[in-house]
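Protein chains: 2
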Amino acid sequence: MSSRSSGENAREIPEATVARLPVYLRALTGLTEGGIATCSSEELAAAAGVNSAKLRKDLSYLGSYGTRGVGYDVEYLTYQIAREIGVTQDWPVVIVGIGNLGHALANYSGFRSRGFRVVALLDADPARAGEEVAGIAVRPFDELEQIVADHAVAIGVIATPAAAAQSVADRMVASGISSILNFAPSVLAVPAGVDVRKVDLSIELQILAYHEQRKAAVEAVAATDAAPLAPGGVS
Amino acid sequence: MSSRSSGENAREIPEATVARLPVYLRALTGLTEGGIATCSSEELAAAAGVNSAKLRKDLSYLGSYGTRGVGYDVEYLTYQIAREIGVTQDWPVVIVGIGNLGHALANYSGFRSRGFRVVALLDADPARAGEEVAGIAVRPFDELEQIVADHAVAIGVIATPAAAAQSVADRMVASGISSILNFAPSVLAVPAGVDVRKVDLSIELQILAYHEQRKAAVEAVAATDAAPLAPGGVS
Chain Y
1 MSSRSSGENA REIPEATVAR LPVYLRALTG LTEGGIATCS SEELAAAAGV
51 NSAKLRKDLS YLGSYGTRGV GYDVEYLTYQ IAREIGVTQD WPVVIVGIGN
101 LGHALANYSG FRSRGFRVVA LLDADPARAG EEVAGIAVRP FDELEQIVAD
151 HAVAIGVIAT PAAAAQSVAD RMVASGISSI LNFAPSVLAV PAGVDVRKVD
201 LSIELQILAY HEQRKAAVEA VAATDAAPLA PGGVS
Chain U
1 MSSRSSGENA REIPEATVAR LPVYLRALTG LTEGGIATCS SEELAAAAGV
51 NSAKLRKDLS YLGSYGTRGV GYDVEYLTYQ IAREIGVTQD WPVVIVGIGN
101 LGHALANYSG FRSRGFRVVA LLDADPARAG EEVAGIAVRP FDELEQIVAD
151 HAVAIGVIAT PAAAAQSVAD RMVASGISSI LNFAPSVLAV PAGVDVRKVD
201 LSIELQILAY HEQRKAAVEA VAATDAAPLA PGGVS
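Going down the list, the protein sequences come from chains Y and U.
For the first sequence, the UniProt record's numbering begins at 1 and goes up steadily by one.
For the second sequence, the UniProt record's numbering begins at 1 and goes up steadily by one.
No lab work stands behind these hints, which were simulated from the structure alone.
Treat the hints with care, since some could be wrong.
With a cut-off of at most 27 Å between alpha-carbon atoms, the simulated DSSO-like pairs for lysine-lysine come out as follows [unchecked claim]: (1) Y:Lys54 - U:Lys54; (2) Y:Lys54 - U:Lys57; (3) Y:Lys57 - U:Lys215; (4) Y:Lys215 - U:Lys57; (5) U:Lys54 - U:Lys198; (6) Y:Lys198 - Y:Lys54; (7) Y:Lys198 - U:Lys57; (8) U:Lys57 - Y:Lys57; (9) U:Lys215 - Y:Lys215; (10) Y:Lys57 - U:Lys54; (11) U:Lys54 - Y:Lys198; (12) Y:Lys198 - U:Lys215.
Just a few of them, taken from the derived set where beta-carbon distance is under 10 Å, the chain U residues facing chain Y [stated by the list, open to error]: (13) Ile147; (14) Ser186; (15) Val190; (16) Ile203.
Since the structure is predicted, the reported quantities are computational estimates derived from the model, not experimental observations.
Glycine included, each C-beta is placed from N, C-alpha and C at the ideal position.
With the sequences and hints as input, model every part of the structure.
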């Protein structure tokens, strides 16, 4: 490894900021859909659910500071963040495991709009081969290596049952895939240099539960306070 | 609103910390599955993908400081965080829209393990009524109000196509649901006091793309550095 490649690493953005960039992108997409062309850091922070000081700090890593008194240009900031993440380029993706979740992922418009192009749907069940989902033919899992080579696939999505996930990951890594998005409820072991991210569909539900619990607590306190004043409240 | 209920609000944890608590919970579950009983803040921070100073600060809101020289007890910290989020209690949930995604969500084990209990699956298509998914009968959407009242449902999940999402949200809110998890690719308008969170399945893919892009850049620099030294590198 050369000193120049270490220097390249040093420019890297903090991991927590990286994780928030797609959230800003989602918030900016919402603003665009709402016909908003410029926004203050406070507005964008509110839309993204972070505080505005953190937002400004995060965007400063990208060299984006907005214009005093005007704020950020929504379209330009969208482009800057998308370029930084790398979603302005084309990412060929394979999805393995075409059950209900695989079907839903193949049909998910949010992948295509972010530069992720599903080049193949693979399933271990040979009976599924030839079936078409979202306009793409399901192919046997054994064609993985050929497909990865043909399309220079770097990212694989695992939507299999938990029991199959590790062997699918092993085959993906052996074929040259270096990033795996794992929807299966299992922990994957992969060699150094391979990134794995696990999707937990319950995370957003948990955030809602936190707020529900707070709302219930506030209502309970309000009800206790109000009770002595309510008509017929003496019992 | 009484001063006591405002006092209750003041204890609220910062939103960014709330959003990280489920991530810590997921990391702790991974440690438990790996047979790890105690962990340092550095280990837990690494597993959760945040820096350890932020982790310690976040956990300090819960009154969790670990034990010097020992670290955190994984099981106890899991309980503390789960209690704070509110997932130690039972959350009845309805899922509306039983297409591929709705099927996948109904079967998703991560909901049940976090206290979310799917009490009903609803679909607008009357032909689907009676079909069974994950052991639960699909019911007509028109039964929403009755089900919400019978089970005291506070959280609704929308897995319909985009075009139907707003009218489903309106009916949910009218029936008393105050938190909505929206998988449909559409922005929902809801009254104040109702929380909506939108799931973007591409967020984790974007984080992978960022790292793929970095890996490719580092490899390109390394290749450039190495070229003059490679045999036959003179052209």
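* To do: Starting from Y:Lys198, check that the Cα of Y:Lys54 is at most 27 Å away, please.
  => Measuring from Cα to Cα gives roughly 25 Å; hence the hint holds.
* Hint check, U:Ile203 versus chain Y [nearest Cβ-Cβ separation less than 10 Å] -> holds (4 Å)
* To do: Starting from U:Lys57, check that the Cα of Y:Lys57 is at most 27 Å away, please.
  => Since the Cα atoms of U:Lys57 and Y:Lys57 sit roughly 19 Å apart, the hinted pair holds (cutoff 27 Å).
* To do: Would you mind confirming whether the straight-line C-alpha gap from U:Lys54 to U:Lys198 stays at or under 27 Å?
  => holds (25 Å)
* Asked: Quick one, is the U:Ile147 hint okay against chain Y at 10 Å, beta carbons?
  -> This interface hint is violated because 17 Å lies over the 10 Å limit.
* Are the Cα positions of Y:Lys198 and U:Lys215 separated by 27 Å at most? -> holds (20 Å)
* **Satisfaction of hint between U:Lys57 and Y:Lys54, Cα-Cα up to 27 Å** => holds (15 Å)
* **27 Å limit on alpha-carbon distance, applied to hinted pair U:Lys215 and Y:Lys215** => Violated, because 45 Å separates the two Cα atoms, which is more than 27 Å.
* Answer holds if the nearest beta-carbon of chain Y is closer than 10 Å to that of U:Val190; otherwise answer violated. => Not OK, violated: U:Val190 not within 10 Å of chain Y, min 12 Å.
* To do: Grab the minimum C-beta distance from U:Ser186 to chain Y and call the hint holds if it beats 10 Å, violated otherwise.
  => Interface hint status for U:Ser186: holds (9 Å vs cutoff 10 Å).
* Does the alpha-carbon distance linking Y:Lys57 and U:Lys54 stay inside the 27 Å limit? -> holds (15 Å)
* Asked: Straight-line Cα separation of Y:Lys198 and U:Lys57 no greater than 27 Å?
  -> Between Y:Lys198 and U:Lys57 the Cα gap is close to 24 Å, so the pair holds against 27 Å.
Violated hints, listed in ascending order, are 9, 13 and 15; each of the other numbered hints is respected by the structure.
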